[in-house]
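Student: Based on the provided sequences and hints, a complete structural model is requested.
So for the first sequence, the UniProt record's numbering puts the first residue at 1; every next one is plus one.
Warning: the hint list may mix true and false statements.
[Unchecked claim] Restraint ranges, calculated between C-beta atoms of paired labels, are given here:
(1) V505 with Q125: 50 to 58 angstroms
(2) K112 with G54: 41 to 49 angstroms
(3) E50 with I297: 41 to 49 angstroms
(4) V292 with P4: 31 to 39 angstroms
[To be verified] Heads up, simulated PhoX-like pairs for lysine-lysine below, C-alpha to C-alpha not over 25 angstroms straight-line:
(5) K102 with K114
(6) K106 with K186
(7) K538 with K559
(8) K404 with K590
(9) K406 with K590
(10) K102 with K301
(11) K439 with K403
(12) K252 with K212
(13) K301 with K371
(14) K439 with K422
(15) K406 with K420
(16) K212 with K267
(17) K231 with K212
(18) K85 with K103
(19) K439 with K45
(20) K45 with K103
(21) K141 with K336
(22) K102 with K12
(23) K396 with K371
Worth flagging that the hints you see were computed from the coordinates, not collected in a lab. If you're wondering where the values come from, they're calculated on a predicted model, not measured in any experiment. Beta carbons: idealized from backbone N, C-alpha and C, even for Gly.
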Amino acid sequence: MNNPEIAELLRKMAASYQILGRNTFSIIAYEKAADSIEHLTSEAKDFWDEGRLGDIPGLGQSIAGYLDELFRTGRVRHFEEVMDKVPAAVFPLLNIPGLGPKKAYKLVTILKLKQPDRVIRDVSQACTDGRIRDIDGFGVKSEAAILTGIGEYRRGQIKENRMVLPVADALAEELLTHLRRTPDVKHADALGSLRRQVSTIGDIDIAVSTTKPQAVVNHFLKFPHRKVIEKGPTGASLLLTNGRQVDLRVQKPDTYGSMLQYFTGSKHHNIALRNYALGRGYSLSEYGIKQVKTGNIHEFKDEESFYRALGLPFIPPEIREDRGEIDAARNNRLPKLLELPEIKGDLHTHSLYNLEPSHDLGSSSVAEYLKISENLGYEYIGFSDHNPSISTHTEKQIIAIMKKRKVYYEQQYSSYYRNKQKRVQMFIMCEADILTDGKVALPAEAFRYIDAAVVSIHGSFRQPKDLMTSRVVRALTSHPKVRIFGHPTARLLGRRESIELDWKVIFGLCRQRDIALEINAYPDRLDLPDLIVHEAVKAGVRLIIDTDSHQAQQMYLMKFGVSVARRGWATGRDIANTLDYNTFAKWLVKGE
DNA sequence: GCCGTTTTCGGCCCGACTGTTTTCAGTCG
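Tutor: As structure tokens, then:
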């Protein structure tokens, strides 16, 4: 049983306890345990294997004992006994926004709904028939609300309606630029998951500090839009022409810091922070910090002073996820997170040189890439075109192509720099497929004509974990010039799930051979995911951030790779391409 | 049921919103 399934089971227990009227704090305990397991970076089963179930926060003797039974026998008798007291049809209804355990239970018992697999349809029908309005505690509006909720639930099942970070970021930048055009705006910032730079974003929320709220709201409403959803003296919501919703919140400068902190989240960070504050006699809210004894509320202009008032250094938004940042802050052990200017090169780019590759060519010339590398202040760039297709070439042909390609790059390079002093250094590389059996799609002899290889998976994504792991191990150990494991989970945001890998094995191997795991900054990849970055950093594995550019302008997307690294607690020392050219070349170029 | 820079006992995040009420319960983020 995997983590999401266990979390769901624990949530069902919490709901059952709620219906059965048990102790509120048992209910909270089960919910916390579910949250905790959902946030875990490795499987709870792996903890159990190692006899460390108790190390999972929120699991005490009781719940850990039940999970032990679950892993040993596949069931928990206590859970079954409790949940048997609740009609099975209650549980599917908990997925409907607006319905919680109490209401769901009431509907199921009063309407005598027995069949879990059709209970949502039955409730929908009951709303349409007007059979819910007469139930105690419900009314006409409840019927409409439930129907809306069911609609949302159904749509949510069909399509995950989130933007990838770079898209949301670009949209937010337009809005922020628009807002900052009026002098009434003192500060304007993104809020929520966008400010924390999460890889996918739902709605865009923006905060403004001003002494003239109405003027700012009016100015905001001039942004091109399809419809005004809401407007008032302290905020407004617009539906944009692209179908996205933007919410604006306006605050006076004196309380801007508390508001920014509160709406940046994450929810889990805020809960943990409030817990921490409560131990010191403070109660937190979006309005400020209240001294519990006196009831006095202190307001904050900025977040720095907000955290300082709690005795903490500023915690960067990217790591506000309740993954240990409050403890680290308290002990003054927050990492000095990587920053964009530390990046000195990009090692995964595709030029337009046609080597008859297995996958897509780039569309920019070597000169264009060099030009942008200069603009970015880089010391080096690597060209990592896909290997020549193995289905349409013999080994001999591939070797010949790679040899010719090396000459081409060297000529392009020297002609670009004919009369120039300062140069961006170049690495001639290759992105080689990891084939189904773990072979790398580049003959050994072809490695002579490259400095190093990125290897990555472009097919057979659904192999079982052990097979996939040995496949990757074979590829990473196939040649000394294999130096980077590209977009390691092969996920595509909103389109394809990650492959399954035993990360412990991969981390161990990467450390042993000093191979870097790539953080691929391409918009719908953002791969490694931040959670695995965090694990890799803890394991002391070297990382490298690349854009996987297929046209030179995409090199500017590096900042999103940096965001992922920051969310994974990475510092400059964890990232290979913060090294200066000489040190970096020593690391990258191995073998003859 | 969990947990400890107030505590191994006695606390447990906070406030808004909604719809149903006549002072509140349930749900959400």
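Student: Hints broken by the structure, by number, lowest first?
Tutor: Result: hints 6, 10, 13, 14, 16, 19, 20, 21 and 23 break, sorted rising.
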